[in-house]
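Here is what each chain is made of, one letter per residue.
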Amino acid sequence: MSAVTATDHHDHDHANHHELSPMQQLRANRLAIWLFCFSEIFLFGALLMARFYLWGNTRPELDQNLGLFTTVMLLVSSYFMVRAEVAVAKGDTKKFERSLIVTFVLGLLFLLGVVLFEWGLMANPFGHHEALKPTDGAYGAMFFAMTGMHAFHVLTGLFFISVVYRNGKMGWYDEKNHWGVEACAIYWHFVDVVWVFFYPALYLIGTVVH
Amino acid sequence: MAENGNAYRTIFIIFLVLGALTVGEFFVAAAYPSAFFLMAIALAKSVLIVYFFMHVYRLWRPEDHH
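Just so you know, the sequences run in chain order E and F. For the first sequence, position 45 (counting from the first letter as 1) is numbered 45 according to this note's numbering, and the numbering increases by one without interruption. For the second sequence, position 26 (counting from the first letter as 1) is numbered 26 according to this note's numbering, and the numbering increases by one without interruption.
It is possible that part of the hints are untrue.
What the hints assert, rightly or not - Taking CB as the label site, the calculated pair distances span:
1. F/LEU16 - E/MET122: 30 to 36 angstroms
2. E/ASN177 - F/VAL47: 28 to 34 angstroms
3. F/ALA40 - E/PHE159: 31 to 37 angstroms
4. F/VAL56 - E/MET23: 17 to 23 angstroms
5. E/PHE159 - F/ILE13: 29 to 35 angstroms
To be verified - Reference excerpt, derived from the structure (chain F facing chain E, CB under 7 angstroms, subset only):
6. THR22
7. ALA29
8. ILE49
Said to hold, decoys possible - Stretch by stretch, here's where chain F covers chain E in the computed footprint (C-beta under 8 angstroms, at least three residues):
9. 24-38
10. 68-76
11. 186-200
12. 204-210
For the record, the hints were derived by calculation from the structure and aren't laboratory data. Idealized CB from N, CA, C, for every residue including glycine.
Build the full structure now, drawing on both the sequences and the hints.
Okay, structure coming up:
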């Protein structure tokens, strides 16, 4: 029994000895989320490579106006996300909350633009192109794989933003401690970076195949 | 970089550059749809986002304030 107690004490001391300072913890957190983003590059990179392998220098006919609209929505949302991060670092709670709401709304517009209109679930207000279907061979398969995987990440990002907004409302963040906001911002910008490559790959590169 | 007093101005300028590159690639694609050129523009945009919006330099900065 006494041996067990001694072991417990030893483990406790060992744990205390290796306890990270707040600065070390923050650096570990940052490294972790960047490693997560790095691992995601392989997933999206594989999709991008598959697109170039299967489509070559061609692409399906997609609505250019809708593509540009959704791209601009995501880009502007990224701006408001970094604006929210700067605001919380400066202690400007109102600007932080407003920027986060705008980020969420723009992200939702992007998601609805892709899922409702580009996927053909609703009539496209930007044009009258016939929507691509997942069964339309390599074009349909790659288009839905790329936009579907990306849309899923946008959806989880929107959930992340709503959690951060709720935590901000509860006063969890201040000028010194706002790791949750920073992590959310890094994830959201990563989703934007993926679309930076997906947009030209889907909408701009290659000749249109009717 | 973005933590100083000009943080809002810096991110707004980067946002304008990103917007110009996005609109630019839309029109460039119509005139000269080169995969290499369009991917180069995408790479330039991603570098701007990773550095100025995601603050990748914080990974190797020894000190931080929050």
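How the hints compare with the structure:
About 32 angstroms separates the C-beta atoms of F/LEU16 and E/MET122, a value consistent with the hinted range of 30 to 36 angstroms. Taking the beta carbon of each, E/ASN177 and F/VAL47 are about 29 angstroms apart, inside 28 to 34 angstroms as hinted. Evaluation of the 31 to 37 angstroms hint for F/ALA40 and E/PHE159 yields a pass: the beta carbon distance comes to about 34 angstroms. For the hinted restraint 17 to 23 angstroms between F/VAL56 and E/MET23, the CB-CB distance of approximately 18 angstroms keeps it satisfied.
For E/PHE159 and F/ILE13, the hinted distance range of 29 to 35 angstroms is satisfied, since their beta carbons lie about 31 angstroms from each other. Annotation: interface hint on F/THR22 holds; nearest CB of chain E at approximately 6 angstroms, less than 7 angstroms. Of the supplied interface hints, the one on F/ALA29 holds, with its beta-carbon coming within about 4 angstroms of a beta-carbon of chain E, less than 7 angstroms. Satisfaction of the interface hint for F/ILE49 is found here, the shortest Cβ-Cβ separation to chain E being roughly 5 angstroms, below the 7 angstroms cut-off.
Figure legend: the segment 24-38 of chain E, annotated as covered by chain F; annotation consistent (5 residues with Cβ-Cβ distances under 8 angstroms, at least 3 required). Using a Cβ-Cβ cut-off of 8 angstroms, 5 residues of the segment 68-76 of chain E lie near chain F, which meets the minimum of three, so the contact claim holds. Only residues whose C-beta sits within less than 8 angstroms of a C-beta in chain F count toward coverage, and the segment 186-200 of chain E has 9 of them, enough to reach three; the restraint holds. Chain F is given as covering the segment 204-210 of chain E, and this holds because 4 residues of the stretch bring a CB closer than 8 angstroms to a CB of that chain, at least three being needed.
Hint compliance for this structure: no hint is broken.
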